[in-house]
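Construct the entire structure; sequences and hints are all you get.
Protein chains in written order, with our numbering: chain A, 15 to 469; chain B, 11 to 184; chain C, 15 to 115.
No lab work stands behind these hints: they were computed from the structure.
Errors might be hidden in some of the hints.
Unchecked claim - Computed beta-carbon distance windows for the label pairs:
| no. | chain 1 | residue 1 | chain 2 | residue 2 | range |
| --- | --- | --- | --- | --- | --- |
| 1 | C | L83 | A | R384 | 33 to 43 Å |
| 2 | B | F18 | A | A51 | 48 to 58 Å |
| 3 | A | W371 | C | L83 | 39 to 49 Å |
| 4 | B | S153 | A | Y451 | 27 to 37 Å |
| 5 | A | W371 | C | G69 | 50 to 60 Å |
| 6 | C | I68 | B | L29 | 27 to 37 Å |
| 7 | A | L47 | B | F18 | 30 to 40 Å |
| 8 | B | V25 | A | I228 | 42 to 52 Å |
| 9 | B | L29 | A | W371 | 46 to 56 Å |
In this text, all values refer to a predicted model and were calculated from it rather than measured experimentally.
Where a beta carbon is used, it is the ideal one built from N, C-alpha and C, also for glycine.
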Amino acid sequence: MYTFERPHVEYQGLSRVIVRGAAALAGIIAPWLRRLAWGVFLAVAAMLVVFIWVVGRFINPLLPWFIRDLVVVLGLLGFACVVAIIGIWAERKVSGRIQSRLGPMRTGAWHGWAQSLADGLKFVQKEDLIPREADEPLFRLAPYVTLVPAFCAYLALPFGVGWVFRSGDVGLLFVLAMLAVEVLGVIMAGWASNSKWSLYGAMRAACQLVSYEIPMGLSLLAAVVAVGSLNLVDIGQAQAGGWFSWLVFQNPFLFLAFFTYYIASLASCKRSPFDLPEGESELVAGFHTEYSGFRFVMFFFAEYVAMFAVSALATIIFLGGWHSPLSGLSKGTQMQFVAFGDTSPLWFVLKSTFLVWVQMWFRWTLPRIRIDQVMHACVKYLLPFTLLLFLGSSLWQLYDNPAHPAFQGFANILHYGLGCVGLLLLGLYFAGAGYGYYNRNRLVGQMARNHLPGA
Amino acid sequence: MLEKVIFFLFAVPAVVAGLAILLGTNIVRMAYWFSAMLVSVAGLYFLMGAYFLGVIQILVYVGGVAVLLAFGVMLTSRKLARLRPGRGEAVWLAGVSGVLLLGLVLSIMHAGWEQRQIVAADSISEIGRSLLGDFLGPFELVSVLLLVAMLGAAYLARPKAQTHGPRDGKGTTI
Amino acid sequence: MMGLTPYLVLSAVLLVLGLAIVISKRNAIAMLIGVEFILNAACLNLVAFSRHGIGALSGQTAALFVIVLAAAEAVVALAIFLNFYHTLATVDIDHGDKLKG
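Here it is in structure tokens:
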């Protein structure tokens with residue numbers, strides 16, 4: 015269906031030759047490209063894999079350390095961008111399905127997978143608008159101050175034991191610190207827009223973000239007390255051994271800490287139900303109202319990158335990081351569970367993606383909370399609760415050792431009980447998903463059953 | 011050599027930020043130059059191997075104090091006053107600062123610090139142990155002081171009766 | 015190796031800059047920024063000495079306390095400035111010349 019029509023302008027001379035030649039060439043090449051598209055794509059992918067293997071095996075040891083570091087950082091940057099792009103597409107599909115419609119279906123042949131790319135192209139070619147009385151240097155700087163720390167958080171996140179850029183002793187605090195710098199970008203954006211509503215949105219956002227850092231940190235500290243190290247690789251390795259050794263099931267305080275951390279991280283990413291800073295029905299778009307084109311894309315990216323980063327942190331600290339839930343089962347038997355292997359970065363990405371999907375699920379299910387309710391929820395409910403969880407977790411570590419055998423027996427029962435509760439929740443999730451899939455034709459509305467014409 | 015390069019990479023923005031604040035007039039920009047200085051100093055802490063302190067600097071100073079200052083600036087800058095000092099004041103200020111700086115730098119250069127061995131980077135467990143060991147007194151006092159500061163600030167910033175509103179009749183809203 | 019001197023010189027420069035900011039600015043929040051400069055210079059000094067072996071780890075612990083105290087002080091100072099603004103509609107400290115009210 016590609017027709018390369020010559021433009022209606024009549025070129026003269028060399029331009030005419032070039033245009034006619036290019037059109038003729040494209041007319042010849044395009045049908046063949048379409049036929050061989052998959053082949054070309056797979057060939058390019060295979061060559062890329064071989065190239066990477068050759069470079070990794072033979073050239074990597076010869077390179078100086080900063081080239082290697084640069085390559086890894088660029089790879090992380092690429093990963094974060096891919097996460098953001100897929101996240102934007104997934105958000106639209108998920109929101110569509112929850113609202114009994116389909117989401118993007120046309121851009122790209124399969125379920126509109128190229129929608130993010132099309133959106134990116136659209137945003138890039140928009141007019142670069144800066145409000146007249148706006149503080150121009152700050153206006154230009156704000157998206158970067160919001161986006162760069164979100165990317166920097168990935169520098170300390172381990173995808174596996176050897177798969178971390180720099181695993182420092184303070185990795186956990188580093189990620190939290192990077193998420194804390196984003197607040198400055200938000201305030202800068204709101205102020206520099208020179209608009210009262212943007213400023214209100216920015217102030218609310220800053221209040222919310224700064225307040226919810228405390229329950230986030232305290233919930234994570236409850237888990238750190240259980241492991242004894244702020245090093246993310248150590249925390250991940252402490253959960254080796256299958257479903258029952260994950261920190262979320264270790265004691266009831268940590269179980270609840272996972273949920274409080276998750277709620278606090280929802281607020282930290284300005285996701286619904288805490289998305290008043292970007293409340294569409296009240297402040298147009300909050301602090302990024304005046305931003306259009308590529309600057310808006312940066313804010314959008316920053317949100318999805320931060321979403322994955324906080325989900326990744328939850329995965330490492332509570333859900334076992336890169337360990338498979340069947341990790342301990344192949345010990346002592348001859349079997350190898352080859353579903354991604356026992357420990358694999360793919361497990362890490364899978365679990366983090368699941369948490370991101372749950373974030374999207376929350377966004378399109380729960381109503382928005384008012385700003386005073388947001389602050390009340392933080393200061394009156396989450397903060398005392400997480401303090402109690404931290405205290406409880408510390409006391410649990412104090413008593414859960416062989417010097418107190420009775421308590422240790424009780425703790426073991428609770429441990430495995432919580433693991434079974436987790437299995438039950440997982441089973442419920444899959445049961446619900448299965449029921450929904452089995453009855454998908456009956457449950458959804460008309461719009462999702464019969465596709466729109468042309469889709 | 012690399013250490014020198016990275017030192018200058020972090021030191022120059024800190025000094026530039028200070029000069030920008032000193033010579034500037036826009037209070038909002040000053041708040042952001044201040045955050046730039048804080049991040050540069052955090053980078054210097056990382057360079058010196060004090061990783062925990064660097065991270066705490068970013069978390070507390072940039073994520074807390076700088077945000078607070080930005081809030082304060084935005085709540086109180088209804089009329090952005092001109093902040094430039096007069097000629098005579100500037101000369102006096104430059105003179106006094108120059109003399110002070112010269113004195114400090116000369117005393118540093120000629121102090122003859124003995125070049126001791128650089129200690130290994132800190133470990134958090136050691137800092138934790140010193141907080142609960144040698145520095146237990148200050149630790150507890152600081153926690154009480156934080157409580158007092160929180161209560162005091164909450165009391166000072168409480169909503170007040172409107173009879174004592176500002177003289178020009180306009181208040182700040184949020 | 016770089017030694018102690020560059021860090022101390024930088025800390026001295028930051029100190030003098032902070033002092034100049036405190037002296038020359040009329041906006042109360044600019045003065046607060048200057049005070050924070052001075053505190054950061056002191057922290058830098060403490061950590062530099064601690065790293066070069068003088069005082070072992072107590073330099074870093076002291077710097078930690080300084081950071082915490084600076085945060086508390088900024089909170090209280092800002093509350094006071096907000097009160098100041100509330101009564102006088104400006105944060106220009108030259109206008110705070112009455113002992114009453």
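Quick rundown of the hints versus the structure:
1. Between L83 (chain C) and R384 (chain A), the C-beta spacing of about 35 Å keeps the proposed range 33 to 43 Å intact.
2. Between F18 (chain B) and A51 (chain A) the C-beta distance comes to about 52 Å, which sits within the given range of 48 to 58 Å.
3. The supplied range of 39 to 49 Å is met by W371 (chain A) and L83 (chain C), whose beta-carbon atoms lie about 44 Å from each other.
4. Taking 27 to 37 Å as the suggested C-beta distance range, the pair S153 (chain B) and Y451 (chain A) does not conform, at roughly 54 Å.
5. The given range of 50 to 60 Å is respected by W371 (chain A) and G69 (chain C), whose C-beta atoms sit roughly 51 Å from each other.
6. Between I68 (chain C) and L29 (chain B), the C-beta spacing of about 30 Å keeps the proposed range 27 to 37 Å intact.
7. Checked against the given bound of 30 to 40 Å, the beta carbons of L47 (chain A) and F18 (chain B), roughly 52 Å apart, lie outside it.
8. Checked against the hint of 42 to 52 Å, the pair V25 (chain B) and I228 (chain A) fails, with Cβ atoms roughly 34 Å apart.
9. Checked against the given bound of 46 to 56 Å, the beta carbons of L29 (chain B) and W371 (chain A), roughly 49 Å apart, stay inside it.
Hints 4, 7 and 8 from the list above are not met by this structure, while the remaining hints are.
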